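Using the sequences and the hints, build the whole thing.
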Amino acid sequence: MVGEEVVERALAGDKKAWNLVVAAHHAAVVAYVQRRWPLVHARRGAEDVVQESWFRLFRRIEDGVAGRKERVPRLVLPGIARRQARFVALEWLQRRAEDQGDDLDGPDDRQGPDDEAAAREMFRRMERALAKLPARERLAWSLYYEEERTPAEIALKMGLGSEGAARTMISRARKHLLALMEQA
Amino acid sequence: MNPHLSSDTLGDLAADLLDQEAHFAATNHIDTCEQCRAALAGHVAAERKLVQFAEHRQARVVVKPKRKGLWTLAALIPVAVAAMALIVPVLRTPEPPPPPAYALELVPSAMALRGAGGEVAAAVAWSEGTTLDAVLRPDVDYPTGVDASVWVVDDRGPVVWPVQVEAAPSGALRVRLDPWSAVHGAPSEVVVQYGPKGTGPDAPTLGELPGGWFELRASVYAP
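For the record, the sequence lines run as chains A and B. Taken in order, the first sequence gives residues 24 to 207; the numbers are from my numbering. Taken in order, the second sequence gives residues 43 to 265; the numbers are from my numbering.
The set of hints was computed from the structure by calculation and includes no laboratory data. Small disclaimer: the values here were computed from a predicted structure and weren't measured. All C-beta atoms, glycine included, are put in the ideal place defined by N, C-alpha and C. One or more hints might be untrue.
In silico contact screen, one side only, chain B against chain A (beta carbon under 10 Å); selected entries [said to hold, decoys possible]: (1) Thr69; (2) Phe95; (3) Glu208.
The structure is reproduced here in structure tokens:
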């Protein structure tokens with residue numbers, strides 16, 4: 024395990040600290056891709072997916088430090104790396120029939136001044152929608168998306184009995200939130 | 043029968059919420075189905091928005107792990123506020139804009155919640171010996187920040203509770219209430235009054251809301 028101080032330094036853009044963070048969590052994220060995305064692993068290789076995930080994550084940290092984007096607020100590891108790997112895997116699935124060349128940049132989500140204003144407005148709408156969720160759904164959403172907890176951990180924390188029940192609760196919260204956002 | 047994946051399945055795939063078997067089936071189907079692959083794009087975009095929102099919220103209130111030094115610093119906040127109260131009238135600057143609407147959320151360290159029958163209302167379980175966080179989040183960023191007074195209402199009336207305060211640059215406050223103990227009455231409500239910095243009374247009283255201040259309430263119960 025790497026200490027909190029190393030994680031803080033990595034978040035501040037320190038490359039050496041970042042390498043320690045990667046070394047500590049790489050195997051766990053590769054195992055996640057192998058287990059969870061076997062098709063992507065078979066065709067592209069879990070190592071490759073995870074390398075790209077780390078690259079994107081560090082680039083986001085550098086952009087945040089340089090003020091080009093919102094800072095990455097916390098490195099909840101390995102959760103945040105798993106999530107990045109999930110997006111890389113999903114993008115690979117979507118692009119199957121198209122050009123499969125490496126796109127290390129990922130989707131172009133760099134925000135200009137207008138986009139920034141639009142994003143703030145979207146966040147305000149989402150905040151209002153989140154406040155309308157029933158308390159337990161809000162808690163499940165927050166644990167999954169903000170705390171990067173796994174469904175198994177959430178089941179335990181919320182006394183839901185099974186991982187499946189936690190998945191259902193998070194899924195319901197997610198759908199509910201998206202529907203409320205549409206109405207807002 | 044529709045051979046394509048449902049919208050719910052695609053959403054859960056994007057959010058990584060399918061169980062293992064359903065996950066394999068969905069990814070294998072997408073591998074061969076152009077229509078579902080195209081439909082997945084919208085769900086991935088929605089998922090990206092949710093993740094961005096979660097990270098935006100994390101950035102607004104960064105809850106750091108406990109550090110002794112930090113709490114020592116937090117203990118000095120009332121002293122600093124008192125000192126500022128003496129200095130501010132001398133160095134009077136243009137008045138900041140009034141604070142935006144804040145939302146109150148109670149987060150118990152035990153994380154046990156019980157629905158209270160309503161859609162939004164919920165009573166938060168406050169287990170004996172545990173702390174309780176009252177998190178105040180502004181509707182829009184308000185770097186000036188606010189002052190706040192906190193009471194716990196129990197079956198004998200309101201009690202000014204010992205707290206530790208942590209402020210975020212966005213103006214959000216995390217007020218950590220000291221552990222509840224059975225020697226106190228059974229808690230039923232947490233009340234927070236907040237208002238512009240330096241405008242509160244020296245001895246705040248529940249039921250008397252200072253001008254320009256607001257009050258928020260949330261239910262608790264002792265499990």
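Flag every earlier hint the structure violates by its number, smallest first.
3
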